[in-house]
Amino acid sequence: MISSFKKFIQLRINSSFLTAANHKELGIYYVWFAFLFSIVGTLLSVLIRMELSCSGARLVALENQNFYNLAFTLHGAVMIFFVVMPGLFGGYGNYFLPIYLGASEVAFPRVNCISLLFVPIAWVLVSTSLITEFGSGIGWTLYPPLSTSLMSLSPTSVDLIVFGLGVSGISSFLSSVNFLTTIAVLGVANGAKPWCLFTWAIVFTSIMLIGTLPILTGALIMLVLDLHLNTQFYDAAFNGDPVLYQHLFWFFGHPEVYIIILPAFGVISQVLSTTAARMVFGGPSMILAMGCITVLGSLVWAHHMMTVGLETDTRAYFSAVTMMIAIPTGTKIFNWISTFMGNPFSTISLDLWYALSFVFLFTLGGTTGVVLGNSAVDVALHDTYYVIAHFHFVLSLGAIIGLMCGFFYYQDSIFGATANKFTRKISDSPYLKVWSVVFLFSICLIFIPMHILGFNVMPRRIPDYPDYITYVNTMCSVGSLSTLVLLISLFRI
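Here the working numbering = 1-based position in the sequence shown + 42.
The hints are simulated quantities; they were obtained by calculation from the structure and are not laboratory data.
Here the structure is a predicted model, which is why all the values come from computation and not from measurement.
Quick reminder that beta carbons are idealized off the backbone N, C-alpha and C, glycines included.
Honestly, I wouldn't trust all of these hints.
Label pairs and their calculated CB-CB ranges [unchecked claim]:
1. Thr-316 with Thr-512: 20 to 26 angstroms
2. Met-321 with Thr-512: 48 to 54 angstroms
3. Glu-105 with Thr-405: 43 to 49 angstroms
4. Arg-503 with Glu-105: 45 to 51 angstroms
5. Val-166 with Arg-503: 23 to 29 angstroms
6. Glu-175 with Leu-104: 15 to 21 angstroms
7. Glu-105 with Gly-181: 17 to 23 angstroms
Please construct the entire structure, taking both the sequences and the accompanying hints into account.
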C-alpha cells in the first residue's frame, strides 16, 4: 500500500501544488491529504481508548482533564471534515467524475485548485486550537453555552476551530458547485452513461452540501457574534435559545452523515458491479433510493435532540421519518447482495473483500440506528456509548472501509500498473489474507462491546467510569491497539 504513495511522490509533476488544475492531480492530492490527516485522527482515537482502558486517570492527568475533551473534539472534526470528505468526495470525485462522464476536465479547473488549497488552510486553523491556552475541548458539535463559556477567558480556541470549519465548508461548497456544473454541462454534452451510480452519488452529495452548508455557516457566525460582539442568540439569560443552535447545526449535521456515506455507496456499487461482471441489480431503484435518502435525511435532524423538550407530536414525526430511511437503505443492501449473488468466494479480491465488509458493517450500524430512531429508546440511550457504537459503525467502519475499498479498487487507475502487487488480490499474499480478516475482527472488537456500555448507560465524553464495566472498556482498547499495530504493519508490505 505504502509503495503506491511512494509511486505518487516520485512522479514528476509539471505544475506545482499551488497552481495545479488537472482534475486527476488534484484528486490524488485530496487522497494524500486524507491519508496524512487520518494519521492524526487515528492517534487521537488511540489516545482516547488507552485513557479508557481502565477506570481512573491513566494517561491524562487529573489536573489536565480538559486535554481529553480536546482529544475527542479534534478526533471527530479531523476524521469527518479532513479525512472522509476530502478522500471520498474530493479525491475520488475529482479524479473519476470527469472520467465517468467522458469529459476531459471539470467545469472550473482553477476553482477546483482553490477548493484543494482551502483544505490545508482549514487544517492549520483547526489544529492550531490545540496549542491555545485552554483548547477547544467542546466537542465537534460546538454546543453553546459550553462553546461560549470561554468568552471571559480565551475565546481564541473556539474562533480557530469555527473558522477552520468555515474554510472547510467553503472548500466543499465550491467542489459541489463544480461537480454539479460538470455533470449538468459536460456530462450531457459527452453522453454520460445513464446508470453510473458513482456519478449519481456525487450528484446527491453535492445537492445536500449546497443546501445545508449555508445553514451551518449562519449558526457558526451567530456563535462568533455571541463570543465577541455581546449578542444573545444562544444566551438563555437574555432570552436567547441554545436549542436554536442545535436545530441549525443538526439541520446540517444529519445530512452530513449521508454526505459522507453516499460517495462510499457509489464506490461500493462500482466495485461489486466490476467484480460480478454485471450491472448492479436494480440500477434505477438504487438511484431512487439515494434520492429518497437525500430528501428524508434532510428532514430528520431533530432525532439528535429528543431530550431537549420537544413536543410529543414532534418526536413522533421525527421518529417515524427516521425509521422510514431504513426502507431505501435496505433496498441498497438487497441490491448489493443480489449483484454479488452467484459469484464464488474463492475469487474474492482485496477491493471486493472490503466492499463485502462494508455491506456487513453498514447493515449492523443501520440496524442500531433504527433502534435509536424510536424516541422513547433514544431518551434512555442518548449520549451513551450505544450512540458512539452506532455512528462509528456507519462512519468509522462504513466510510473509512469505503475509502480503503476505493483505494484498492482504483489504485491501478491512479498509480499505474506498477503499484504494489501485493494489494491486488488477497490470494496473492497469505499475509494479506490473514491481515484483512484480523483487521475486520479488530475494528469490530472496538465497537461491538460499546453496545454493552450503552445499555449500562456509560455516558460519552467522560474519561472515567464505574469499575464493573472495566472489562468491556478493556476489550475495546485491546481492539483499538491491535488495529493500530495492524495499520503500522501494513507499511511494511
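Against the structure, the hints come out as follows:
At about 46 angstroms, the CB distance of Thr-316 to Thr-512 disagrees with the hint of 20 to 26 angstroms. Evaluation of the 48 to 54 angstroms hint for Met-321 and Thr-512 yields a pass: the beta carbon distance comes to about 51 angstroms. The hinted window of 43 to 49 angstroms between Glu-105 and Thr-405 holds, with their beta carbons roughly 44 angstroms apart. The supplied range of 45 to 51 angstroms is broken by Arg-503 and Glu-105, whose beta-carbon atoms lie about 19 angstroms from each other.
Checked against the hint of 23 to 29 angstroms, the pair Val-166 and Arg-503 passes, with Cβ atoms roughly 26 angstroms apart. Evaluation of the 15 to 21 angstroms hint for Glu-175 and Leu-104 yields a pass: the beta carbon distance comes to about 19 angstroms. Under the hint 17 to 23 angstroms, the C-beta atoms of Glu-105 and Gly-181, about 21 angstroms apart, fit the expected range.
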